[in-house]
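J.: Here the protein sequences line up with chains A and B, keeping their order.
So for the first sequence, our numbering puts the first residue at 151; every next one is plus one.
So for the second sequence, our numbering puts the first residue at 151; every next one is plus one.
It is possible that part of the hints are untrue.
Claimed, not checked - Taking lysine-lysine pairs in the DSSO-like style, the calculated list, with each CA pair at most 30 angstroms apart, reads:
| hint | chain 1 | residue 1 | chain 2 | residue 2 |
| --- | --- | --- | --- | --- |
| 1 | A | K424 | A | K346 |
| 2 | A | K346 | A | K435 |
| 3 | B | K476 | A | K476 |
| 4 | A | K474 | B | K476 |
| 5 | A | K474 | A | K424 |
| 6 | B | K366 | B | K419 |
| 7 | B | K366 | B | K476 |
| 8 | B | K474 | A | K474 |
| 9 | B | K474 | A | K476 |
| 10 | B | K435 | B | K419 |
| 11 | B | K435 | B | K366 |
| 12 | B | K435 | B | K424 |
Hints are computed from structural coordinates only; laboratory data are not their basis.
All of these numbers come straight from a predicted model, not from anything done at the bench.
There are 2 protein chains.
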Amino acid sequence: MADRDTGPAAGNGLLDRRFFLKAGAASGAALLSAQACSADRPPWMRVPGAPMSESGAPSEHEAHLQRMAIGSQPGTTGAGASRTPLELLDGIITPSRLHFERHHSGIPAIDPDEHRLVIHGLVERPLSFGLEALSRYQTISRIQFLECSGNSGASLSAEPLQRSCSQIHGLVSASEWGGVPLSVLLQETGIKPEGKWIVAAGADAAMMSRSVPLDKVLDDAIVALYQNGERLRPANGYPMRLFLPGWEGNMSVKWLRTIKVVAQPAMTKDETSKYSDLQDNGVAKLFTFPMGVKSVITSPSHGLQMGAAGIYQISGIAWTGAGKIKRVEVSADGGKSWADAALDEHVMSKCLTRFRSAWRWDGGPAVILSRATDEAGNIQPTRDVVLDGRANGAFYHYNGIQAWQVRSNGEVNNVYA
Amino acid sequence: MADRDTGPAAGNGLLDRRFFLKAGAASGAALLSAQACSADRPPWMRVPGAPMSESGAPSEHEAHLQRMAIGSQPGTTGAGASRTPLELLDGIITPSRLHFERHHSGIPAIDPDEHRLVIHGLVERPLSFGLEALSRYQTISRIQFLECSGNSGASLSAEPLQRSCSQIHGLVSASEWGGVPLSVLLQETGIKPEGKWIVAAGADAAMMSRSVPLDKVLDDAIVALYQNGERLRPANGYPMRLFLPGWEGNMSVKWLRTIKVVAQPAMTKDETSKYSDLQDNGVAKLFTFPMGVKSVITSPSHGLQMGAAGIYQISGIAWTGAGKIKRVEVSADGGKSWADAALDEHVMSKCLTRFRSAWRWDGGPAVILSRATDEAGNIQPTRDVVLDGRANGAFYHYNGIQAWQVRSNGEVNNVYA
């Protein structure tokens with residue numbers, strides 16, 4: 151256990167990320183006698199199993215795997231959010247049924263055959279695209295994250311709220327998004343020289359609308375038709391949504407209905423009264439588009455119970471609007487020392503990246519944290535740095551380091567460290 | 151249209167793969183008047199939409215998106231297969247509910263708290279692992295394909311069967327698979343020097359079992375617990391399965407219950423009477439492990455209806471057990487000339503790769519094909535080459551080129567070209 155690959159990597163039990171791949175790790179496995187190896191077959195091996203089905207459901211033993219913290223704003227049925235159960239998932243893909251929701255007036259019941267995307271404004275030829283017309287174009291697909299800019303706002307509370315990882319950070323998910331590059335459709339309409347922005351609006355009753363600079367649109371925006379291989383789910387914009395990789399979620403306008411090419415941003419309600427960042431000098435910052443570099447430990451986290459002292463996996467997700475995650479560090483001593491976490495094989499641009507560290511928990515109190523660095527050199531800030539200069543109550547775009555306190559009784563608490 | 155990037159790339163209308171990214175492509179979009187741009191709002195914008203939910207369902211307009219060609223063998227309820235609806239999907243991820251199934255005695259109703267994985271045989275310390283014990287180990291996740299070795303067996307029919315792409319080729323899917331490297335668990339048990347293979351057996355009533363050489367096990371085998379971020383679905387091995395990237399699907403034993411380290415393959419019923427390849431000299435080939443390089447055009451394909459002549463996207467999937475797909479070529483003139491297809495951004499090892507070509511269909515009869523090449527230099531063979539030397543009725547491991555005939559009336563037929 152003393153060589154470089156399997157020894158300590160940082161304080162309070164953090165082990166080298168190659169620990170599990172090199173050494174026999176003491177575990178909860180049970181030693182067996184030869185007799186036990188030929189044990190009786192369990193009851194489910196004595197009868198034929200269930201037949202095939204048209205659509206496979208999760209196990210009844212996993213019924214708790216649901217979207218969480220579903221909250222409508224008072225007096226509404228469909229304005230609010232539900233959250234991805236991050237602490238119950240592994241890897242990077244979010245099952246579509248568990249992708250977070252944020253609606254401003256619920257999920258519209260759109261007839262796909264009647265739905266049209268209209269591109270107009272400062273264009274040479276205003277055009278209307280139905281699904282059949284869009285299907286003629288070459289689509290692309292990429293695996294990328296989507297994060298609501300209000301995600302993690304609970305971390306601005308003066309005292310740390312005892313909420314689960316999903317309740318605090320569950321407004322982020324990752325999917326394979328497939329669709330037609332918006333640049334291709336804009337080549338069809340042409341753009342007049344004075345066109346510099348688009349205003350995208352949805353077919354929901356709130357007509358959610360956002361202004362997007364044309365250079366982002368021409369870089370990597372798509373009109374998404376597919377999520378994780380199948381048509382979009384209604385909660386995620388069926389039959390089509392805008393998708394802007396790495397940018398704050400609400401700009402990826404769902405149920406996309408109109409794109410108007412304009413000379414200047416439209417200053418819609420959704421980019422002025424909402425989704426702007428009031429500072430303590432009274433000035434509101436507008437148009438904070440890319441999401442900051444961020445990470446969170448999903449296991450252990452509040453609501454999960456630690457067992458006996460011993461070897462554990464610390465696992466979490468990291469992401470950045472600036473491109474790829476370059477590095478994630480983990481601390482088990484409240485930030486005094488840090489060890490590099492292992493990153494899963496697929497590190498993709500503007501996508502979740504799964505990180506993992508081996509930890510020998512000694513059974514005593516410990517504070518665990520993660521800190522992400524992206525390929526542009528951005529380092530995830532501390533909470534204090536994120537709060538500096540913010541007006542009271544301004545809660546968008548929080549990307550501070552999350553600390554979890556592991557207690558001797560195995561409970562995990564949210565703390566500010 | 152005459153320059154290199156947008157001109158013809160091969161015969162009968164195949165366009166350069168950059169066509170859609172460079173040129174205005176005539177489409178089914180409708181030209182609009184200024185008046186039409188301010189059209190009335192549709193009915194679903196005039197009322198609040200549906201509220202958030204614990205688990206998001208697909209649109210009711212997509213109810214046809216199901217697993218297909220569900221077939222049980224006569225006299226059984228759970229021995230058979232269901233197929234992924236390839237021609238209705240895009241991208242590379244298969245939604246877990248649509249992952250193909252192949253069961254030998256149905257889906258066992260396993261209580262995860264009672265389930266154990268026992269590793270025994272030529273080991274130093276036989277061990278039993280419950281889910282809690284496995285959760286202590288560092289997991290990894292990768293996005294990879296799984297293909298039944300009986301996939302595409304319908305292509306061996308003397309006359310081409312008029313079946314859909316999924317009915318012929320739908321026993322292949324791709325998921326993010328997460329779990330514990332089996333090499334780590336074998337370090338815990340130790341392996342005696344004479345141990346060279348494992349025999350993996352499932353907890354289904356058929357006790358499906360396969361022999362796997364130890365070098366594959368130590369290379370990249372995992373005990374999978376997660377599929378596309380969530381716990382495995384019962385039809386795919388809940389609560390745990392073996393996963394052997396790139397190898398024939400039945401070796402990735404579902405409901406994994408025992409691993410016995412042995413000196414030689416066990417010659418189980420599932421690797422002798424089944425999943426072996428009889429040749430016309432009377433000798434059966436055993437242990438054809440990696441799946442061959444393969445591709446199939448999913449759109450257009452049989453059962454999908456072409457509209458008017460004009461620009462279409464030819465789209466499909468390619469994969470190989472040997473690593474990454476290097477190249478996919480498409481022909482629209484029955485194989486006389488070929489053009490390189492565009493590959494989607496994520497080309498991952500032992501995973502599906504999505505390819506796309508732009509095609510100007512002139513409305514006349516055409517035969518379209520795709521041909522994949524992998525990084526090891528393997529080129530997808532023609533049907534004749536695959537059949538050469540096979541005994542009549544031997545149908546495993548078919549990876550020949552699929553041809554679809556587009557007819558003037560827009561129908562698409564399965565043909566041998």
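J.: So, for every hint listed, does it hold in this structure?
T.: Taking the hints in turn, this is what the structure says about them:
no.: 1; hint: A/K424 with A/K346; verdict: holds (23 angstroms)
no.: 2; hint: A/K346 with A/K435; verdict: holds (20 angstroms)
no.: 3; hint: B/K476 with A/K476; verdict: holds (26 angstroms)
no.: 4; hint: A/K474 with B/K476; verdict: holds (23 angstroms)
no.: 5; hint: A/K474 with A/K424; verdict: holds (28 angstroms)
no.: 6; hint: B/K366 with B/K419; verdict: holds (21 angstroms)
no.: 7; hint: B/K366 with B/K476; verdict: holds (23 angstroms)
no.: 8; hint: B/K474 with A/K474; verdict: holds (21 angstroms)
no.: 9; hint: B/K474 with A/K476; verdict: holds (23 angstroms)
no.: 10; hint: B/K435 with B/K419; verdict: holds (15 angstroms)
no.: 11; hint: B/K435 with B/K366; verdict: holds (19 angstroms)
no.: 12; hint: B/K435 with B/K424; verdict: holds (11 angstroms)
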